[in-house]
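Undergrad: Spelled out from the first residue to the last, the chains are:
Protein chains: 2
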Amino acid sequence: MAAKKRSEMMEETRAKLIASARKAFAEQGFAAASMDDLTAEAGLTRGALYHNFGDKRGLLQAVVDQLDTEMAQRAHDIGARAGTGWDGLLAEGVAYIEMALEPEVQRIVLLDGPAFLGDPSQWPSQNGCLHMTRQTVERLIAQGVVRPIDPEAAARLLNGAALNAALWVAASPDPQDVLAKAVEAFRALAEGLLARPS
Amino acid sequence: MAAKKRSEMMEETRAKLIASARKAFAEQGFAAASMDDLTAEAGLTRGALYHNFGDKRGLLQAVVDQLDTEMAQRAHDIGARAGTGWDGLLAEGVAYIEMALEPEVQRIVLLDGPAFLGDPSQWPSQNGCLHMTRQTVERLIAQGVVRPIDPEAAARLLNGAALNAALWVAASPDPQDVLAKAVEAFRALAEGLLARPS
DNA sequence: TCAATTCACATACGCGACGTATGTAGAAAT
DNA sequence: ATTTCTACATACGTCGCGTATGTGAATTGA
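Chains as they are written, first to last, in my numbering: chain A, 5 to 202; chain B, 5 to 202.
One or more hints might be untrue.
Unchecked claim - Pair by pair, the computed Cβ-Cβ distance ranges are:
(1) A:73 to B:47: 47 to 55 Å
(2) B:19 to A:31: 35 to 43 Å
(3) B:27 to A:16: 39 to 47 Å
(4) B:184 to A:73: 26 to 34 Å
(5) A:143 to B:147: 31 to 39 Å
(6) A:77 to B:11: 54 to 62 Å
(7) A:16 to B:47: 30 to 38 Å
(8) B:175 to A:152: 19 to 27 Å
(9) B:32 to A:20: 29 to 37 Å
(10) B:89 to A:91: 26 to 34 Å
(11) A:15 to B:50: 44 to 52 Å
Note that these hints are calculated values from the structure, not bench results.
Note that the structure is a prediction, hence the values are computed from the model and not measured.
From the three backbone atoms N, C-alpha and C, an ideal C-beta is built for every residue, glycine too.
Between the sequences and the hints, there should be enough to build the whole structure, so can you do that?
TA: This is how it looks when you write it as structure tokens:
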């Protein structure tokens, strides 16, 4: 076991705190989660927390950034696997709906994030999912597949639709059935973006 | 001045507390708002609050119900003025986007509401806006204007899209310009619901 | 009309959680 | 080897929620 440098130790501490916070925030919500409990589970104290993240919101910010980055990566992979065309965008959107079913994502990124950190597009992580959807839309507009509308606006509305679909699915007693309906409605809505041959 | 009955007095205190809470929650957010300050501004104490609403969440629930009812009424009027067809649905959606620009609506109903009360469709007020949009969609499906998809799903996604559009507009430095883009994108998306002559 | 009761609200208290100020041990620097 | 620095721990003050208890005015019943 090689001796660890100080910077490595600090990275490890940050990682442990973020991991504990992810669990606590997902299970109890940001407001109800106790910093004492949270840090204790990571084998640390609140001192480490305030030293590394400034305050409770700073920790939430770090957790959200990590989750958002993971989500963007996953959605990108799924979208790319479905191709660079229209199907890619649909796959991304559906992937987003399905990811939003995970309690961690829903509670932290979709509910507490906007409530306590404000508008997602202002986050340091820039909301990777949103950014990625926008790029996909831009590409499809350039391809002539999607009609020339503001790509930022389109990405916003698509992500918003997906988010609410996920909230609905998650709260339903029969998630599988509701998920199918949500995906169908999402496909229908998204088709409104298609260039009409008119 | 007629003497007031006890029930009338109680209604008045409830109204005063809700009014104070609307201001406080809108300005500071639910989590940061202090019940002591809130009740003091209404000329009361926390005693009245806990007697009438049970706890802090109960007060938020009451505020959200009131706002939601007002929003549904306003959107209904605007939609009805635009007719009972496709334009009615579009008008409702745009009205929803514009209402979501008001700090009271955005902060309380769209951000803190879901975060602290859970899924909007589970609220006692049943989320009037959502309910109304669904009815409109159902009517248009019956008319053959909208293709036969699950109306609940469609209403959910439309409202979700409108919400995120509003968050975007509100956070932008040039709301007027961004609002126009958002409305355009919303119209495009919504057209995906139209029945195709395929 | 008057005593008894109810109730809407105020007051008082305890507890938990956040943020800060201070302490400390070990690594880094010279 | 001494000094400095820093990543964390410890200790403290404060604030806000929820509850338990008190009180005066309105209501009830005879």
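Undergrad: For every hint, state whether the structure bears it out.
TA: Status of the hints after comparison with the structure:
no., hint, verdict
1, A:73 to B:47: 47 to 55 Å, "holds, 49 Å"
2, B:19 to A:31: 35 to 43 Å, "holds, 37 Å"
3, B:27 to A:16: 39 to 47 Å, "holds, 46 Å"
4, B:184 to A:73: 26 to 34 Å, "holds, 32 Å"
5, A:143 to B:147: 31 to 39 Å, "holds, 36 Å"
6, A:77 to B:11: 54 to 62 Å, "holds, 59 Å"
7, A:16 to B:47: 30 to 38 Å, "violated, 54 Å"
8, B:175 to A:152: 19 to 27 Å, "holds, 24 Å"
9, B:32 to A:20: 29 to 37 Å, "holds, 33 Å"
10, B:89 to A:91: 26 to 34 Å, "holds, 32 Å"
11, A:15 to B:50: 44 to 52 Å, "holds, 45 Å"
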